[in-house]
Amino acid sequence: MSEPETYEPKIVAFLCKWCSSAGSDLAGVSRIQYPANATPITVPCSGSISPLYILSAFNKGADGVLLSGCHIGDCHYIEGNYLARRKIYLIKELLEFVGVEPDRFRMSWVSAAEGAKYAQVVKDFVADLKPLGPQDKLKADRT
Amino acid sequence: MEKILHKERIDDWISALTGWEVLSPALEDGIWAYRPVSGAVRLDHPNTTQPPKGLAFPQREVFFSFEQIKGEAPRLTQILPDTVQRAVFGVRPCDGRGAVRMDRVFGDHVEDTYYQARRKNVAYVGLACNQPPSANCFCLSVGGSPVSTDGLDVLLTDLGDRYFVAAVTETGKALMTAANSLFDEPADADRQQLKSVHTEALAQPQRAVHNPDAVPAKLKASFKSPLWEELARACIGCGICTFLCPTCHCFDINDEVTGSAPLKGNRVRTWDNCQFPDFTMHTSGHNPRPTVGARLRQRVCHKFQYFPENFGMPQCTGCGRCISECPVGIDIVSVVNKVVEHAG
Amino acid sequence: MINVRDIRDAARDLLAKGEVRAVIGYRRGSRGMAAEPVVITAPEQADELVWDPTCFHNLALYLVEDRKFLAHSRKAPGAPIAIIAKGCDARAIVVLMQEHYFKREEVYIIGVSCEGVGVLDERKLAGHVPGTPTDAAFEGDDFVFTTPEGEKRLPAREVMADRCLECRAPFPKEHNVVFGEDKTGRELAAPFAALARFEEQGATERWDFWRRQFERCIRCFACRSVCPMCYCDECVVDSITFPVAPETTADEKANRIRWIERSAVRSENITYHMTRAMHLAGRCIDCGECERVCPVNIPLRLLNNKMEREARERFGYEPGASIGAASLVASFNDSDPGSFIR
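Residue numbers (our numbering), protein chains in the order written: chain A, 1 to 143; chain B, 1001 to 1344; chain C, 2001 to 2342.
The shape of chain A in the complex, shown without the other chains (with noise of 0.2 Å):
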């Protein structure tokens, strides 16, 4: 809880290109205000999410690792959602099982006209985030 007054935390956010990516944007030029702290990268679909990006984003330094996609029954791709779900449900639970806090990473699906629920679903997670303080459990400490 280092610094709480101050202190920003870093979130990477994966956004699938078709709905989230697209809510984000809508977010953004219905000018709504939520907070500047996620980094999007815009990812083909939710189902490309290998479990590597997650645990490599938390290597790299962030603090929050949220991953974004459409609502289920409407993947670009079919079943892309289906498959991140079951995915991400299985490294969420192994990086609460080596002690990690369940709240530094997040999913949610935001369709492209969700642009208020992108807002509010980053908005939640800075909050959740802050009093956590910084992540160093997983983050690299090359000195």
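Rather than coming from a laboratory, the hints here were simulated on the basis of the structure.
With a straight-line cut-off of 30 Å between C-alpha atoms, the simulated DSS-like cross-links for lysine-lysine are: (1) K1338/B / K2068/C; (2) K2124/C / K2152/C; (3) K1264/B / K130/A; (4) K10/A / K1070/B.
Since this is a predicted model, take the numbers as computed values, not measurements.
Given the structure of chain A, go ahead and fit chains B and C onto it with the hints provided.
Relative to chain A, chains B and C alone:
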């Protein structure tokens, strides 16, 4: 300098070593490892899973850090090892002899600044092996002995309720002088007992390389032997044998980037391993040691042929770790014997 | 009880008739009592084969090696290759076939049932047996060791590997021929018992535990090397994918993805081990070899067991149960848990 130290005084001796960080074998998470001393020291360990090699040649060390700001010359900052003096208690004679070999590699032809800086701050307080600490010991086959003082600064011999303490180097003498009052002068009976303990130690049965003097020439003649592939057939290509070896010293150097705006990071040396398939992999995709047989041959010939050719001594010190820990039973003693036998 | 002569006869027969080109099995090693893997190609070598409590190795690994060798030398496989497989090993072979690594008819499985016991955990033996045993044998529910001081009989349970104690499927369901009784469903210890105990701890204790484990890892990669499921030609943790040419600039090098550095430090080790656990989810059949070979005693089975239990309880998935089944992470159900998603 030769003295007697009653066992219950060893902790006082260690406490008297001001200015030294003292390490001794500790059983932690099921393995024996050298750890900074905390509490009473009882030198009753078999041998540590890893030798004390890493104190002078750590698995990872940073040479320098770099930073490149656009439009400016790159900034390099050398990072030198710490200067803490470390005394390691309970080092087995094979590992002392391992240090001798490492010293040659990193000091003979080219002086490795980083190795030397660490090495000069490490002292080894050895412990003679009254009994072979492992069923796979074979130090006698490689010119060593369970009571060898090579590479050690002090040699302790367990005489039951006390140690016979013999200084080997000036550093060793200094370690003993630091606690002069704790030691007694050895009586004739002590010297007698030392002699008989050492004689018994030397007579303990060990694994054996047959006709060790003939090994380098026989290996040289067997470079193209099909036996290598056969002997290595079960090899899984892991790095246990070399990462646990007291004399393996191959390394890799990489730049570890820690930031990209501006570009910065560290140049890092890490242990490398000739048993990994990518050890000799070329950029082109060609691999001159493409098979497990070629890689086993490299390890065995390096220990028993190339090193003797370059330094006049086998590189292997007979600790037996690679045999005990190999997941699939590849046994360097048996491999050498078979190749030599096959060479006729 | 399995008579080793039956195994030898089967191997000899297969080789003599030319039905297989080789048999992967166990023979007496040169290091104490431990058996070692061997590939025999002539009928007369069949007498070298052994079957005892030191037959720890999951030989399915050598099917993978064989396949790689054939692919590399562009040779046609010809006759199938035979393998001696315990219950867990046979499940590993099923996973490999499920992933189309080779076809069923390319492998001849000589199944051996562990019946009421399993393999020895050498680390548990200290204090139980005087001196260094030179031989170990199965004897009902006991192990019998030959020591310098004569024969020593021990209840197998006392010195068996944990993975075997927890194993409920000691019989190789998939086989061409099989020796020993089918004792599927036996329960010597509650499955996932160690895992359940571990999970009773809080997050802080769990992290303290894993931090210590991962700091100890020396990245010898024995866990990966010994695993039949780690068959990738190039592992994500080896940074050899991107060759460096003379014209490669420092910027280019810096901006390449290096998933894991070679430094054996906690952060890199944890990324390696967690990635490996994920890659084994739904594939690990709990042969426990990774944990056995670890020279620094990292309890790797805990990670794999965690994934295995989640797969079973959440997705009803049993690794190594069926050659035709879809793999865990390439399939899904409508009912998969999703309440964690916002």
